[in-house]
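Student: Chain by chain, the residues:
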Amino acid sequence: MAPSNEAADVLIIGAGASGAAAAWSLASGGLDVVCLEQGDWVDPADYPHTSVDWELHRQTDFAKDPNVRQRPEDYPLNNDDTPIVPLMFNAVGGSTIHWSGHFPRFRPSDFRVKTLDGVADDWPLTYWDLAPYYEQNDANVGVSGLSGDPANPERTPRQTPPLGLDTATKTYIRGLEELGWHWWPTDNAIITAPFGEGRQACNYCGPCDMGCPIGAISSAHVTYWPAAVAQGVRIITRARVREITVDRRGRASGAVYYTAEGGIAEQRARVVIVACNGVGTPRLLLNSVSSLFPHGLANSSGLVGTNLMFHPVTFVTGVFSDPINAYVGPLGMVLHSQEFYETDTGRGYVRGFQIQMGRESGPLSTALGNFPGEKVPWGADHHRVQRELSAHTLTAAVMIEDLPEAHNRVEIDATLTDSSGIPAPKIVYEVSENSRRCLDYAIARGRDLLDAAGATQIMGQPIARETGWHLMGTARMGDDPANSVVNGHGQAHDVPNLFIIDGSLFVTSAAVNPTSTIQALALFVSDWLKQNFRDVAS
Amino acid sequence: MSEQHIDGEILTARQVALLAAIQNRLIPAQDEMPGAGDAGCAQTVDGFLKERTALRRPILAALNEIEATAGAYAQASADDEASTHVAFLALSDAERDAALRAVEAAHPDLFNTLLRQTYTAYYTNPAVLRILGWRPPQPEGYPTPPPFDEKLLDNVKRRGKLWRDA
Ligand SMILES: Cc1cc2nc3c(=O)[nH]c(=O)nc-3n(C[C@H](O)[C@H](O)[C@H](O)COP(=O)(O)OP(=O)(O)OC[C@H]3O[C@@H](n4cnc5c(N)ncnc54)[C@H](O)[C@@H]3O)c2cc1C
Ligand code: SF4
Chain S
1 MAPSNEAADV LIIGAGASGA AAAWSLASGG LDVVCLEQGD WVDPADYPHT SVDWELHRQT
61 DFAKDPNVRQ RPEDYPLNND DTPIVPLMFN AVGGSTIHWS GHFPRFRPSD FRVKTLDGVA
121 DDWPLTYWDL APYYEQNDAN VGVSGLSGDP ANPERTPRQT PPLGLDTATK TYIRGLEELG
181 WHWWPTDNAI ITAPFGEGRQ ACNYCGPCDM GCPIGAISSA HVTYWPAAVA QGVRIITRAR
241 VREITVDRRG RASGAVYYTA EGGIAEQRAR VVIVACNGVG TPRLLLNSVS SLFPHGLANS
301 SGLVGTNLMF HPVTFVTGVF SDPINAYVGP LGMVLHSQEF YETDTGRGYV RGFQIQMGRE
361 SGPLSTALGN FPGEKVPWGA DHHRVQRELS AHTLTAAVMI EDLPEAHNRV EIDATLTDSS
421 GIPAPKIVYE VSENSRRCLD YAIARGRDLL DAAGATQIMG QPIARETGWH LMGTARMGDD
481 PANSVVNGHG QAHDVPNLFI IDGSLFVTSA AVNPTSTIQA LALFVSDWLK QNFRDVAS
Chain E
1 MSEQHIDGEI LTARQVALLA AIQNRLIPAQ DEMPGAGDAG CAQTVDGFLK ERTALRRPIL
61 AALNEIEATA GAYAQASADD EASTHVAFLA LSDAERDAAL RAVEAAHPDL FNTLLRQTYT
121 AYYTNPAVLR ILGWRPPQPE GYPTPPPFDE KLLDNVKRRG KLWRDA
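Quick mapping for you: the protein sequence lines, in order, are chains S and E.
The first sequence stops at residue 538 when you use the working numbering, and every number in between is there.
The second sequence stops at residue 166 when you use the working numbering, and every number in between is there.
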């Protein structure tokens, strides 16, 4: 093993959305920070957007599913026992390399579901604790949108204006206004005007899901990382952490990792932060077994890996007789409706959902039926149907709140490993009765919307498999060590100098995309750590 | 066999010919659009097989199933070299479609892999994309639409606060 280097003040494992925000915050507080990341920096020249065969890359090196992508830095997942497949990217910037940038916040009620609706648990913190960190995060990453949404608490003016009024947006608005539903231009972590260094305003090219070559989408490698590195944070790339090490007192002492050359090395630190996402974090904790922690690190509750939440999602696609040209503009959503967000037990389920109004992609995506889930037919009708659909559809995503259930979990697969030999995760997950009822109701509303917007044909599937974008709940927060893995500051109940800052922390999932909340939490935890560093580190 | 039987990297000359003939039924020539086989999609899929070994088994199995099914339809005459070599080539268009539908019903996963890779080859083919009018998304991007008009939100604003205090 390579000799240990100097102990850092803080070791962050994982350079994605949460690791980046924490690195920036801690370094700006004067702490010495090292980050270990199994992936590398992505070179903007590698993005496929300028190639004729750009759509092919969705199935190869820029696939969302690591089992399909199979880059050397990816780890495989056993997905045999789940109807929803976890999606992620492993690089500096993490999964924000190919995210859609939707940046809604949780609502105050999302932190209080037990009190309000009698289900799951309340969080050990409130919306109002996080509100200043949401604001700080928005200011750091750059968000386009419009403040004033009556479905959410007030927020400051967005950094750049909302996305423009294209045919897709106008078509959705027609339907929404006819139905009298709530809607609002979505907060997107996509800049529509100059913001930040070396970043250009979105030029509506379309496929954000394969990365943004001009830095318009606020991925962590163009927002926090340049600033963090300028403050002295050291990122060691192609460093795959095998286990977090502990000292005789049961405190975290650092991590052992495989280097780019294939050997092993150790990074020591006074405080260790895990930021490997809702699957990678429990995997690493469960793999970090020692005599003091025989069931995995920080796992005396037995809860590490359990309570896995995705957001069950499905797509409702409407076909229009006039061209919509919705392949123009960021692939994700232009507007959202939170008309059905809060519990109304008359609907047959608890909690709620959001409708996200999305667009379309290129001709291959149309032919493969990426959204409706059914390919364009082969044979004599092929060209006719392809022509009728291409540039003529809009797809709304309905995304429901997932409630925590202990049996939905990340565990360590008995045989599967990554290319370094580190045991890989197995996902065990099922859609609950409540979720199924909510999804069915949501699909019907998605159909109402596209109908009101003028669609001549509406297609959809009961649930979409490749939608595990949001990985949450697998090392949750709480005040009671028997019922949670970390406390209200992200500090492990069992290991006082070990912190978790990614979606694993979530007590409940809300029905909105999680990353603004993940990053706000990372900043919140980092702030507390900066103030209490001396106590925590000694 | 005829000169169209080009050796592939992974597929044999016969398999390339079979695949091209299948692809011309999956995406047939129509108006200005070429058939997928004529557009060179068999060679493209052969390239996919070279890059991604996991595709080899299902694609080869699909070709075998289709050829075996075609054998049952074939009325090949003994002196017709091409038709005895590749039974599918001896069938009429209607028989080819019937053979494909039979395999689609009996082996949906295999058939879908073949279809998916054929669509992928066709809709990433430069000549096809040129006819359809598609260009890569960058570096030009697309023109910026007019700015959002906040007046459109008047009705929503009139409803007042829609979130629960907590
Ligand atoms: C296709 C797609 C679209 C999405 N769209 C949206 C959206 O519109 N809005 C939204 O809010 N969210 C979206 N998300 C989710 C969003 O990307 C994640 O919530 C966010 O990136 C999570 O941040 P994180 O820091 O927890 O993890 P990640 O960003 O996933 O980063 C984790 C990092 O840890 C590294 N790592 C893991 N294990 C190890 C190890 N053992 N050793 C070293 N390094 C390790 C990984 O390589 C990775 O870089 C999307 C995700 C995907 C996949
Ligand atoms: S649509 Fe905009 S944000 Fe998305 S990849 Fe293109 S330029 Fe980047």
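The set of hints was computed from the structure by calculation and includes no laboratory data.
Wrong hints could be hidden among the right ones.
[Claimed, not checked] Listed next, the in silico DSSO-like pairs over lysine-lysine satisfying Cα-Cα at most 27 Å (straight line):
| no. | chain 1 | residue 1 | chain 2 | residue 2 |
| --- | --- | --- | --- | --- |
| 1 | S | Lys375 | E | Lys50 |
| 2 | S | Lys114 | E | Lys151 |
| 3 | E | Lys50 | S | Lys170 |
| 4 | S | Lys375 | E | Lys157 |
| 5 | E | Lys151 | E | Lys161 |
| 6 | S | Lys375 | E | Lys161 |
[Stated by the list, open to error] Below, a sample of chain S positions facing chain E; criterion: calculated Cβ distance under 7 Å:
| no. | residue |
| --- | --- |
| 7 | Gly30 |
| 8 | Ser51 |
| 9 | Ser147 |
| 10 | Pro185 |
| 11 | Asn203 |
It should be emphasised that the depicted structure is a prediction, and the values quoted were computed from it without experimental measurement.
The beta-carbon is built from N, C-alpha and C at its ideal position, and this holds for glycine as well.
Student: Does lysine 50(E) pair with lysine 170(S) here, judged by a C-alpha cut-off of 27 Å?
Tutor: With Cα atoms ~45 Å apart, lysine 50(E) and lysine 170(S) exceed 27 Å; violated.
Student: With the threshold set at 27 Å, check whether the alpha-carbon distance from lysine 151(E) to lysine 161(E) stays at or below it.
Tutor: holds (18 Å)
Student: Answer holds if the nearest beta-carbon of chain E is closer than 7 Å to that of glycine 30(S); otherwise answer violated.
Tutor: violated (36 Å)
Student: Mind checking the CB of asparagine 203(S) against every CB in chain E and telling me if the closest is under 7 Å?
Tutor: Since the shortest Cβ distance to chain E is 3 Å, the answer is holds.
Student: With the threshold set at 27 Å, check whether the alpha-carbon distance from lysine 375(S) to lysine 50(E) stays at or below it.
Tutor: holds (25 Å)
Student: Within a Cα-Cα threshold of 27 Å, do lysine 114(S) and lysine 151(E) meet the stated pairing?
Tutor: Cα-Cα ~38 Å, so violated.
Student: Does the closest beta carbon of chain E sit nearer than 7 Å to the beta carbon of serine 147(S)?
Tutor: This interface hint is violated because 11 Å lies over the 7 Å limit.
Student: Check the hint pairing lysine 375(S) with lysine 157(E) against an upper bound of 27 Å on the C-alpha distance.
Tutor: violated (40 Å)
Student: Are the Cα atoms of lysine 375(S) and lysine 161(E) separated by 27 Å or less?
Tutor: Measuring from Cα to Cα gives roughly 42 Å; hence the hint is violated.
Student: Quick check on serine 51(S) please, does its C-beta sit within 7 Å of some C-beta on chain E?
Tutor: holds (6 Å)
Student: Minimum Cβ distance from proline 185(S) to chain E below 7 Å?
Tutor: holds (6 Å)
In this structure, the hints that do not hold are numbers 2, 3, 4, 6, 7, 9, in rising order.
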